[in-house]
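Chains as they are written, first to last, in this note's numbering: chain A, 1 to 193; chain B, 194 to 421.
Because the hints were derived from the structure by calculation, they are not lab data. Virtual Cβ for every residue (Gly too), placed ideally from N, Cα, C. The reader is advised that the hints may include incorrect statements.
Pairwise CB distance ranges, derived in the manner of DEER restraints [said to hold, decoys possible]:
| id | chain 1 | residue 1 | chain 2 | residue 2 | range |
| --- | --- | --- | --- | --- | --- |
| 1 | B | E251 | A | A51 | 14 to 20 Å |
| 2 | A | E182 | B | G392 | 54 to 60 Å |
| 3 | A | R34 | B | E350 | 46 to 52 Å |
| 4 | A | E9 | B | P420 | 25 to 31 Å |
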Amino acid sequence: MPVRREKAERLADEELMPLVGRKDPEAFEVLFDRHGGAAYSLAYRIVGDRAAAEEVTQEAFISVWRSGARFDAARGSVRSWLLSVVRNRAIDFLRSRAGKAPKLTFDDDSALEQRPAAERTEEEALRRETAGELRGAIGKLPGEQSKVIELAYFGGFSHSEIAQILNLPMGTVKGRMRLGLEKIRGELAEGLA
Amino acid sequence: MSATEHSRWSEDLAAYMLGALDSAEVAEFERHLEGCEHCRQELRWFEPALQTLPESVERQEAPPSLRANLMAEVREDVHEAESRSVPSRSWRRWVLKPAAGFAVVALLVAGVVGYEVGKDDSGAGGGANTVVRQVDGLTVKMVQEGSAGTLQIEGLEPLPSDKVLEAWVEREGEVEAVPALFVPDRRGHAEATIADMTGVEVVMVTEEPPGGSEAPTGEPIMSMKVPS
Chain A
1 MPVRREKAER
11 LADEELMPLV
21 GRKDPEAFEV
31 LFDRHGGAAY
41 SLAYRIVGDR
51 AAAEEVTQEA
61 FISVWRSGAR
71 FDAARGSVRS
81 WLLSVVRNRA
91 IDFLRSRAGK
101 APKLTFDDDS
111 ALEQRPAAER
121 TEEEALRRET
131 AGELRGAIGK
141 LPGEQSKVIE
151 LAYFGGFSHS
161 EIAQILNLPM
171 GTVKGRMRLG
181 LEKIRGELAE
191 GLA
Chain B
194 MSATEHSRWS
204 EDLAAYMLGA
214 LDSAEVAEFE
224 RHLEGCEHCR
234 QELRWFEPAL
244 QTLPESVERQ
254 EAPPSLRANL
264 MAEVREDVHE
274 AESRSVPSRS
284 WRRWVLKPAA
294 GFAVVALLVA
304 GVVGYEVGKD
314 DSGAGGGANT
324 VVRQVDGLTV
334 KMVQEGSAGT
344 LQIEGLEPLP
354 SDKVLEAWVE
364 REGEVEAVPA
374 LFVPDRRGHA
384 EATIADMTGV
394 EVVMVTEEPP
404 GGSEAPTGEP
414 IMSMKVPS
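If we strip away everything but chain A, and leave its shape as in the complex, we get (with noise of 0.2 Å):
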């Protein structure tokens, strides 16, 4: 039986998620309705488009309401576990659009310049990059950390992809990338201190 909207309202995201399990429609309302806006806005910041957006979030509502709600409490919180279904959504959406994603097994900027697949990823990365600014505490990072983190974490690209985008040793962009992580991490750290 499903329960009441207002008693489903009183609960913390970890007792929903049970009743969302057994397919409890009010539960769900519920957790949309607290986490449907953070959602959106991260498919709109991956996707860059509205109808896309709307059409990534519902499947990614849908996928959590039809699979019996696989959370894993000890892995975080619901609502970074949510996000993260959302991304994943996003990312597939990206892919699916612009074909598979291009993997680029070449090193050189002239043969770079002569493959379509490697101008429309670089076109991709672009668009992706410059789709909006960086802020809270990833807008502190130096900027060759933070196109890193955004390549990888909003635009779906591989560390070997983005070493190619912008002609670096993968080293290099993974230690980029642990940099900017740590930063973001210090600069949490020294907010709550």
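Guided by the hints, dock chain B onto chain A, whose structure is given.
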């Protein structure tokens, strides 16, 4: 493993968290992670930084159609699941089925009799709304607290070993199973919780095979109208 050897994994860790390793690298990294407490600790330490990323995006207002379409799809799923689990939930449809017809007529008659017999026996108690009836030779107590209810029955005969009791409610002409099976104790007392009494007009109980049934399979042992 030496510090130099380990630095390779440390280098991969951020890329792993950002989803920037390819599938073969992910599998390799996760194999390493299983046996490396140092990397697991680092992963946990980095986790808040990763969670900052989706939260840092500029907030957009979701179109109202997103919520409307999503919930329409969800409710359609629920409706389909209910249709599959209860082939016929309408009283009228049951009456049209020869096998079920007798049970439905009996339920309706028992419901009315229960109500009439019980008219003089109702009472309220405590903060909850309590109704006590003599129904079909049984003493039935319905305790309602908020939207939930507890059905208590006294005077039950022992059940055959291949039977359990199953409770049903009628709401707006539709019969729904209460997701709880129960059996009487040695004193003939049995109790079932009805999580949502909103709009319930009739409560009834039937004997069913272990595991319960999707729809009543026999005559009710008790049926009682619920005063509105």
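Going through the hints against the structure:
Hint check: B/E251 to A/A51, Cβ distance near 18 Å, so the stated range 14 to 20 Å holds. Checked against the hint of 54 to 60 Å, the pair A/E182 and B/G392 passes, with Cβ atoms roughly 57 Å apart. Checked against the hint of 46 to 52 Å, the pair A/R34 and B/E350 passes, with Cβ atoms roughly 50 Å apart. For the hinted restraint 25 to 31 Å between A/E9 and B/P420, the CB-CB distance of approximately 29 Å keeps it satisfied.
The structure is consistent with each of the numbered hints, conforming to all of them.
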